[in-house]
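Residue numbers (the numbering used here), protein chains in the order written: chain U, 1 to 175; chain E, 1 to 412.
Rather than coming from a laboratory, the hints here were simulated on the basis of the structure.
Worth double-checking, as some hints may not be accurate.
For each label pair, taking beta carbons as the anchor points, the in silico distance ranges come out as [said to hold, decoys possible]:
no. : chain 1 : residue 1 : chain 2 : residue 2 : range
1   : E       : 365       : U       : 47        : 53 to 59 Å
2   : E       : 222       : U       : 8         : 39 to 45 Å
3   : E       : 394       : U       : 130       : 52 to 58 Å
4   : U       : 27        : E       : 339       : 21 to 27 Å
These figures come from a predicted structure and were not determined experimentally.
Beta carbons: idealized from backbone N, C-alpha and C, even for Gly.
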Amino acid sequence: MEDKLRTFLKDLFGEKILSEYTHRGQLSFYIQPQALREIAVALKNDSDLKFDFLTDITVVDHQGQAWEKDGRFEMVYIFLSLKNTFQFMLRAKLPENAATMPTLSKDWACANWLEREVWDLMGIKFEGHPELTKILTVDELVGHPLRKDFGITYEMPQFSHNSDEIEVVPDNPHH
Amino acid sequence: MNTQAEHKPSSVEFSDVVEHDGGRKTMTLNMGPQHPSTHGVLRLVLELDGETVVSCEPVIGYLHTGIEKSLESKLYYKALPMTDRMDYMSPMSNNLGFCLAIEKLLDIEEAIPARAKWIRVLMAELTRINSHLVWLGTHAIDLGAMSMFLYAFRDREAILDIYEIVSGQRMMSSYFRVGGLMDDVPKSFHKSVRRILTELPKRIDEYEDLLTNNRIWQMRTIGVAKISAENAINGGLTGSSLRGSGVKYDVRKAFPYSDYDKFDFKVPVGEHGDVFSRYQVRMYEMRESLKIVQQALDGLPEGPIRAHVPGVVLPPKPDVLSKMESLIYHFKIITDGFKVPRGSVYVPIESGKGEIGFFIDSDGTNVPNRVRVRPPSFVNLSALPSMVEGSLVSDVVAAIGSLDIVLGEIDR
Numbered sequence: 001m002e003d004k005l006r007t008f009l010k011d012l013f014g015e016k017i018l019s020e021y022t023h024r025g026q027l028s029f030y031i032q033p034q035a036l037r038e039i040a041v042a043l044k045n046d047s048d049l050k051f052d053f054l055t056d057i058t059v060v061d062h063q064g065q066a067w068e069k070d071g072r073f074e075m076v077y078i079f080l081s082l083k084n085t086f087q088f089m090l091r092a093k094l095p096e097n098a099a100t101m102p103t104l105s106k107d108w109a110c111a112n113w114l115e116r117e118v119w120d121l122m123g124i125k126f127e128g129h130p131e132l133t134k135i136l137t138v139d140e141l142v143g144h145p146l147r148k149d150f151g152i153t154y155e156m157p158q159f160s161h162n163s164d165e166i167e168v169v170p171d172n173p174h175h
Numbered sequence: 001m002n003t004q005a006e007h008k009p010s011s012v013e014f015s016d017v018v019e020h021d022g023g024r025k026t027m028t029l030n031m032g033p034q035h036p037s038t039h040g041v042l043r044l045v046l047e048l049d050g051e052t053v054v055s056c057e058p059v060i061g062y063l064h065t066g067i068e069k070s071l072e073s074k075l076y077y078k079a080l081p082m083t084d085r086m087d088y089m090s091p092m093s094n095n096l097g098f099c100l101a102i103e104k105l106l107d108i109e110e111a112i113p114a115r116a117k118w119i120r121v122l123m124a125e126l127t128r129i130n131s132h133l134v135w136l137g138t139h140a141i142d143l144g145a146m147s148m149f150l151y152a153f154r155d156r157e158a159i160l161d162i163y164e165i166v167s168g169q170r171m172m173s174s175y176f177r178v179g180g181l182m183d184d185v186p187k188s189f190h191k192s193v194r195r196i197l198t199e200l201p202k203r204i205d206e207y208e209d210l211l212t213n214n215r216i217w218q219m220r221t222i223g224v225a226k227i228s229a230e231n232a233i234n235g236g237l238t239g240s241s242l243r244g245s246g247v248k249y250d251v252r253k254a255f256p257y258s259d260y261d262k263f264d265f266k267v268p269v270g271e272h273g274d275v276f277s278r279y280q281v282r283m284y285e286m287r288e289s290l291k292i293v294q295q296a297l298d299g300l301p302e303g304p305i306r307a308h309v310p311g312v313v314l315p316p317k318p319d320v321l322s323k324m325e326s327l328i329y330h331f332k333i334i335t336d337g338f339k340v341p342r343g344s345v346y347v348p349i350e351s352g353k354g355e356i357g358f359f360i361d362s363d364g365t366n367v368p369n370r371v372r373v374r375p376p377s378f379v380n381l382s383a384l385p386s387m388v389e390g391s392l393v394s395d396v397v398a399a400i401g402s403l404d405i406v407l408g409e410i411d412r
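Whenever a hint applies, use it, and build me the whole structure from the sequences.
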């Protein structure tokens, strides 16, 4: 199955597949961010591979690590083929100044909320998403809490309606 | 400070009655966040035309406590108790997923002793029954079957007692550890589990007698909140909600973990994808879980309950008291934790609510860089609008109940 998938991706998308990564037996492909949708849809529609189940969309923030220079954010898409009982990941590295991905919400209904969560907590934009708004945090909260530069040690989050009452701690990078 | 609001707030327009072109009027109704049948603090903004739902927009986040963020600031073993608090009906399943993911990152899966694996399976299946009993009770009370709630919670008590026997805690048990278990099961454990194994099958029969052929129950559930197999897959549904639509996907069978491939059990699937099908699937699953518990108890292997991985897994207590190296390792693990090699994995397990997956990214230190929990309830709930639009308000209650959501996990 792994070989079939590898040949499929290499044949159809060539240089859009940047590299392959296997960790503890789990297969991932790094791809060009903008090619995500065409690759995902091709995998979904192929009658043999049939990766029709989008398990999860998530993102990792690599700020402060030695490998941050490759791209601060690492998007992770987990796909499952129910037909072949096979799971693998598509990954894409995004620089901080271009944290944008194409949306999958038109092809998978579950992507709508998953992408909203990624936007809310990590601030990655999804081009073409019908309603990219906050989903988990309160409307007044400014910033994206899962980013590494969003402080965790300072207890009081800054809400716009009580900002006058809060003493601003100067060395918190978030302020 | 940066006061520039870079988000468009997700606030919903409030208006009681909206008049459309042609004189048609619709009403906007807020169901929740403090509605008893929304199973927590879920708010649904319903647009109603008479009693028919025109549109439904779930609003979540009232319980958001930043669990994923907190997990990033704790040592691996100290982060474990936080996982109990997401889906508080299935603490042991959450523990199991978290431990398995770390064990995969550490590459010590082979070292986990058989006894630990089997006790994990046993407890995870009791947890599934626990989760399903709470679902049964609350779902039934939502649809007017008051007594079912009391019966289901009575039986759940027996399972909570077992949690207490093994871990000392009734709900937030945190019983599993990276590399094995907190402690071996005490003597009274076997007797208590056997009592459940003899009592519960009769009780499940009773519940089915009360509900399955009950005319009111059937009218409230058959053909209500239907979702086709295709839409269920497209919407990312997992667990009993997916299987109710006839898709045979169960992580325990698809990607067996923790020796599940050594147990004999069936995965039930429904036919119609309605509330009744999901009800039938969950009732059947409870019986299958009991079969697994029976097998695990009968064949429980002897041996240690923690892997022998110095520097990562705590050594047995007698060794700590008698051997110098063990004492040092114990001290080092408690104070500094253990380092996990760089890399990331995704490990899914089948919890009572569906596929709960842990994606953990390690940067080589003793604290995870990122822990992502793939929440089954979150994804299942996102399919709710498509299930209820066009149906009656009372069917919304049935639909929420049949999806079996828990807001602690949705909001995290």
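(Q) If you test the structure against every hint from before, which numbers come out violated? (A) The structure conflicts with hints 1, 3, although it agrees with all the remaining ones.
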